[in-house]
Every structure is written in structure tokens, then in C-alpha cells.
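K.L.:
Sequence:
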Amino acid sequence: MKEIVLRSNLYGVRDASICVKGPRYITAQKILPPSVEIVDTTQPIATLRDPIDFYIELQIKRDRGYHTELRKNSQDGSYPIDAVSMPVRNVNYSIFSCGNGNEKHEILFLEIWTNGSLTPKEALYEASRNLIDLFLPFLHAEEEGTSSLITSGSLLSEQLRYMPLRYNYYLFLFH
Numbered sequence: 001m002k003e004i005v006l007r008s009n010l011y012g013v014r015d016a017s018i019c020v021k022g023p024r025y026i027t028a029q030k031i032l033p034p035s036v037e038i039v040d041t042t043q044p045i046a047t048l049r050d051p052i053d054f055y056i057e058l059q060i061k062r063d064r065g066y067h068t069e070l071r072k073n074s075q076d077g078s079y080p081i082d083a084v085s086m087p088v089r090n091v092n093y094s095i096f097s098c099g100n101g102n103e104k105h106e107i108l109f110l111e112i113w114t115n116g117s118l119t120p121k122e123a124l125y126e127a128s129r130n131l132i133d134l135f136l137p138f139l140h141a142e143e144e145g146t147s148s149l150i151t152s153g154s155l156l157s158e159q160l161r162y163m164p165l166r167y168n169y170y171l172f173l174f175h
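All residue numbers for the sequence shown refer to full-length UniProt numbering, where the first residue is 1 and numbers rise by one.
Some hints could be false.
[Claimed, not checked] Okay, the calculated beta carbon distance ranges per label pair:
no., residue 1, residue 2, range
1, 55, 91, 36 to 44 Å
2, 9, 43, 14 to 22 Å
3, 121, 79, 29 to 37 Å
Derived from the structure by calculation, the hints contain no laboratory data.
Where a beta carbon is used, it is the ideal one built from N, C-alpha and C, also for glycine.
Take the sequences, apply the hints, and build the full model.
P.N.:
What follows is the structure, given as C-alpha cells:
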């Protein structure tokens, strides 16, 4: 169940279920969330060898990074599954210089591979947004003076400590 990749623009908790009768090979295609797209519907879940009813209720929550849920003995019989929400599988980059005479340009080539829950463009946008948010305290510190820079730097260091590490094809031209 941990390896099932979902794609959705919805936030909050979504209810889903799997309801089948064995014997049968169960894949992610049998999950019935009306508002969530399953990236790989062939992802295996279970194999039923006997003619039994198989019913699971799921609660799906959009999140980011990696969170370890505490294993609680829930009275309702639920069992939290830690999800690994790292949609970017690999990133390569290369920089090429070009131009003629006095006019020089650098071209940045980015290759981004994802698991399908985000497009490469969405992953780049989110990573860019996160970088901007990380460096904003330094911009404000410059306006407020050096003592504020130290405070902001300490705050930023704390933010970096708890920030999850996350984040096929885009061409950018920088002058």
C-alpha cells in the first residue's frame, strides 16, 4: 500500500475503499476514490486464494516529505501507514555557455524525473517556491540591518533542520 502513487489537487482527508470477492489478484485499480487518480493502476495490493470477501476502508491525506506515524492501538481498528511522499526520483543539470563577441549567455538544462504524482513542471515550481521562501528572511534582514540577519539566519537554520528533502525536461535561458 505504501508504494501506491496517487495524484490529486485536493487537500484534506479523502475516503476510499477496496471491496472485492476472492479468489482474485488485487491491484490499485480496485481502489475507489472518486476524486483521486491512481498513477499506476497495476500496482499489486494482495492476492486472495480463497473465496472470501475483502473490504478495506482507506483515508487518504495529501502531504509532503516523510513522516513517521506513531503506531497507536486504535480502538476503531485503524492502522496508519507511513507514506513516502517524495515524487522526484532524479534530477540532472548542465550549464552551457554560448554567445558571440561581448554578449555571453548561459543556458541551464534541467532534467527532472518524477513518479507521476507531480509533473516535472509542477515539481520545479514547488522547489522554486520553497527556495524563495527559504531566502526571504535574508532579504528582509538586509532591509532591517545586520543584527536581524543573525536572528533570521538562526531561524532559517532551524527551519532547514526540519525541512523534508524533496524535490523531464525544461530549458531555461538566463542572461
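K.L.:
So, for every hint listed, does it hold in this structure?
P.N.:
These are the hints, each one checked on the structure:
no. : hint                  : in the structure
1   : 55 to 91: 36 to 44 Å  : holds, 40 Å
2   : 9 to 43: 14 to 22 Å   : holds, 21 Å
3   : 121 to 79: 29 to 37 Å : holds, 36 Å
Checked against the numbered hints given earlier, the structure satisfies every one of them.
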